[in-house]
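The listed protein sequences derive, respectively, from chains R, B and Z.
When we follow the numbering used here, the leftmost residue of the first sequence carries the number 369, and every step to the right adds one.
When we follow the numbering used here, the leftmost residue of the second sequence carries the number -5, and every step to the right adds one.
When we follow the numbering used here, the leftmost residue of the third sequence carries the number 2, and every step to the right adds one.
None of these hints come from the bench; they were simulated from the model.
Hints are not guaranteed to be accurate.
What the hints assert, rightly or not - DEER-style ranges, computed between Cβ atoms:
1) B:VAL288 to R:ASP496: 30 to 40 Å
2) R:TRP482 to Z:THR279: 32 to 42 Å
3) B:ILE56 to Z:ILE151: 47 to 57 Å
4) Z:LYS316 to R:TRP482: 24 to 34 Å
5) R:GLN489 to Z:LYS316: 45 to 55 Å
6) B:GLY211 to R:ASP496: 55 to 65 Å
7) Z:GLN26 to B:ALA82: 41 to 51 Å
8) Z:LEU4 to R:GLU475: 29 to 39 Å
9) B:LEU(-2) to Z:THR279: 18 to 28 Å
10) Z:LEU106 to B:ASP265: 47 to 57 Å
11) R:ALA484 to Z:ALA109: 38 to 48 Å
12) B:LEU127 to R:ASP424: 25 to 35 Å
13) Z:LEU4 to B:LEU71: 33 to 43 Å
14) Z:LYS316 to R:GLU475: 33 to 43 Å
Unchecked claim - Here chain Z is said to cover these stretches of chain B; the calculated rule only asks that three of the stretch's residues, wherever they fall, bring their Cβ under 8 Å from a Cβ of chain Z:
15) 66 to 78
16) 82 to 90
17) 93 to 106
18) 219 to 231
19) 257 to 271
20) 287 to 295
For each residue, glycine too, the CB sits at the ideal point set by N, CA and C.
Next come the chains, spelled out residue by residue.
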Amino acid sequence: MSVLQVTKLMKRFGGLTATDDVSLKVEEGEIHAFIGPNGAGKSTLINQLCGELAPDSGRIHLGGRDITRLPVPARVALGLGRTFQVTNLLDDATCRENIAMAVQAREGLNFRIWDAVAGRQGLWDQADNLLAGTGLADRSHTPVHDLSHGERKQLELLIVLAQKPRILLLDEPMAGLGHVESQEMITRLREIGTYTPMLLVEHDMDAVFALATRVSVLVYGRIIASGTVDDIRDNADVREAYLGAEDELC
Amino acid sequence: MILLIEQLLNGLQYGVMLFLLAAGLTLIFGIMGVINLAHGSLFMVGAYAGTYVAGITGSFWIGLPAALLAAAVTGFLVEALVIRRLYARDHLDQVLATFALILIFNQLITLIFGRQPVFTLLPDAFSGSVELLPGLPYPTYRLLIIATGLLVAGGLYLLINRTRVGMLVRAGASNRDMVRALGVDIRLLYTVVFGLGALLAGLAGYMTGPISSVQVGMGEQILLATFVVVVVGGVGSIKGAFVAGIGLGVIDTMLRAFLPGMLRQVMAPSDADAIGLGIASMGIYLLMALVLLVRPRGLFAAGA
Amino acid sequence: MKLLIAALAVLTLISVPFATDALGQPALLSLATRIIIYAIAAASLNFILGYGGMISFGHAAFFGVGAYTVGILASHAGGDPLFGFIPGTKQMLITLPAALLVSGLFAALIGALSLRTGGVQFIMITLAFAQMLFFFFVSLTPYGGEDGIIIRRTNDLFALNMRDKTTLYYVILAIGAVFFTLLWRVVNSSFGAVLKGIRQNERRMAALGFVPYRYKLYAFVLAGMGAGLAGALMANFLRFASPDMMHWTKSGEFMIMVILGGVGSFFGPIFGAAAFLTLETFLAGWSEHWQLAMGGILLVVVLWTKGGIAGLIAKLGGHGK
Chain R
369 MSVLQVTKLM KRFGGLTATD DVSLKVEEGE IHAFIGPNGA GKSTLINQLC
419 GELAPDSGRI HLGGRDITRL PVPARVALGL GRTFQVTNLL DDATCRENIA
469 MAVQAREGLN FRIWDAVAGR QGLWDQADNL LAGTGLADRS HTPVHDLSHG
519 ERKQLELLIV LAQKPRILLL DEPMAGLGHV ESQEMITRLR EIGTYTPMLL
569 VEHDMDAVFA LATRVSVLVY GRIIASGTVD DIRDNADVRE AYLGAEDELC
Chain B
-5 MILLIEQLLN GLQYGVMLFL LAAGLTLIFG IMGVINLAHG SLFMVGAYAG
45 TYVAGITGSF WIGLPAALLA AAVTGFLVEA LVIRRLYARD HLDQVLATFA
95 LILIFNQLIT LIFGRQPVFT LLPDAFSGSV ELLPGLPYPT YRLLIIATGL
145 LVAGGLYLLI NRTRVGMLVR AGASNRDMVR ALGVDIRLLY TVVFGLGALL
195 AGLAGYMTGP ISSVQVGMGE QILLATFVVV VVGGVGSIKG AFVAGIGLGV
245 IDTMLRAFLP GMLRQVMAPS DADAIGLGIA SMGIYLLMAL VLLVRPRGLF
295 AAGA
Chain Z
2 MKLLIAALAV LTLISVPFAT DALGQPALLS LATRIIIYAI AAASLNFILG
52 YGGMISFGHA AFFGVGAYTV GILASHAGGD PLFGFIPGTK QMLITLPAAL
102 LVSGLFAALI GALSLRTGGV QFIMITLAFA QMLFFFFVSL TPYGGEDGII
152 IRRTNDLFAL NMRDKTTLYY VILAIGAVFF TLLWRVVNSS FGAVLKGIRQ
202 NERRMAALGF VPYRYKLYAF VLAGMGAGLA GALMANFLRF ASPDMMHWTK
252 SGEFMIMVIL GGVGSFFGPI FGAAAFLTLE TFLAGWSEHW QLAMGGILLV
302 VVLWTKGGIA GLIAKLGGHG K
């Protein structure tokens, strides 16, 4: 049983078919990367998988369970974790608080109006543990609105890890990162990939070739090719789809 | 039966007034993203200015352009001085700033005109009644209002659907940022939209004057019903404002006219009147609750 | 430092009756009592508005419902039971919890429907529902209708002489202190943290697994109960309850207090209520057109200041944002 299975997903916006009969699987131990030219429908696909957008037809299964009609929080409760391409954080809160909130979500007991959240030591310990050893360790008490873009991307990743998901959906985790930050992110993701399967939407080919165990290519909402990194590199259709960007694939 | 048709027409007339107000309000909400509580004040300004001019000239027809002018000028000033600063602000600031405007306008009008309701003038040609059906005399002035409202509705339809400005308005209602990205002078569009809303409000205020009372606070009373119309019709939708306006206007009028009478069949007259009137007043709100259960965004909600 | 200021504030509040006697200004005691009551109402609105990001323009509905609960129960005391089985009462120990219950129920109903929407719609819908309740109570002729209901005597509490204005002041002050203590706990609780998160970024909170609607509704009900408490106290103080207490302009007043004091700050509503009522008393004594000045001041505050009184204090104290 695949961790994530998508069957014949379709989504139309008026005359535009954004997701065209997409079927895919993510297995345990896989880092399944999705690439494709701009406008291919990668974001639309992620939004349907997460539950922010309802598909017109098709099915999504998480661990064998049909989640097609479930809202976002319900899918998260079943183990789906995602990061956002444009970072989506609690801007007024600190790094530590953002991560603690993710832990709080997982641990529950959140309708209590008589406890003191500062006293829930477990939340803060887990947040500190996740921050320890990362580039954000000494920025843990900095509010998000004072963080750099790269730091926010790092935080997005730490937050989703705090959720301890069964599967990670990463929406362009490399977007906007400088060279050094990218290398660090790749290392981090490779390490995470050893214990959590991932579906990774990316433009950065270095990252894709360094990380992916499987690559699918999305063009005009349709998967035109799917296979290992080498399969994709040698695929003529893929080359054609990336016309003019051949040096990216080499 | 006669009574039914009469009340139906009354409802249509009230509905058309609601539409005039709701159309402006829904555009301002939908396109500019601004919640404007002072819309009722523009209604009031049109009524007062027009009625005053009609009073001193003795002519209803001279009062009309005066009302429109006053509303337009006031609208222009309000937009330039206050509303413009609210586009980037959050809804709370918009609510409070426009609430402050209500306080200011109400007091200014009181200072200028006093607290007593103002005497209004009917146009000579429309001051009588016409026999629509045998046994049904109906005031011609109310028919004038209905006609005016339907004419404006038609005009707005043409404007929105057949002109370039209208296209921008429709685009802006469903995606404000995109219109900006297309390089349209958004400030000009906003001013035009606000001005249009002000004109409609002033027109409604002036025309309503002779059949209800021109007094301080008249704007707020109808504003609440207007909000319900906008919510039920769908924010940003003129069609929604029309359908919901007419619909709620008719329902409200019919409830007020017939519910007390119906309740008298089952309870004491004084109780029936009070309760009947009470439920009738709540009618449109209960309807709004029902619509929201099924369509949280209103009947004809536009885009994002 | 904060503790010192708090202690000073408490001392000031406790000494108000003595000060009013010494100055020979009985109106001051009435002002102080009303400030405490409105501070409770404003604080309950600030909870959903400032901490929760929900701009409810119908908060006065719960204020009025709380007041009417006291009024209606009082009118049935010693007479026919309400609905045939609920006995009337003038016991504050019963009427206050009753007010909390009833206003909480209304908040649950209105909130359940309204929170399905957001943005401008939510503002208009809360406004509309509150006005609907206004019309409902206006039509309740058995309970005074438009003129409201007179409560002949303030509710009884133990053996205290509730007719004495000073005693009543201390009772209300004590209830206010309990309220704010509880509010402090709620704001700093796990629930409070989630609510603050939802205000900042609802999409992010959903992506973490929270169902925003549930938390918002819970907050809405708690806030409604707070307003109901304030309303019940007001009914006891004025010995009167009327539909005007739930008129949308009353909701507007609460919002003004919240913004004057500083949206989202804990003590803001207290400053805001004090500022608004003091300003109102001062301005009304100066001109019958005082609302013009109030409108002007409000406009200036909204357009050109940030953070209200609490923000000002923070800046002066050197730790403003």
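Original post:
In ascending order, which of the hints set out earlier in this document are inconsistent with the structure?
Top reply: Of the numbered hints, 1, 5, 9, 10, 11, 12, 13 and 15 do not hold.
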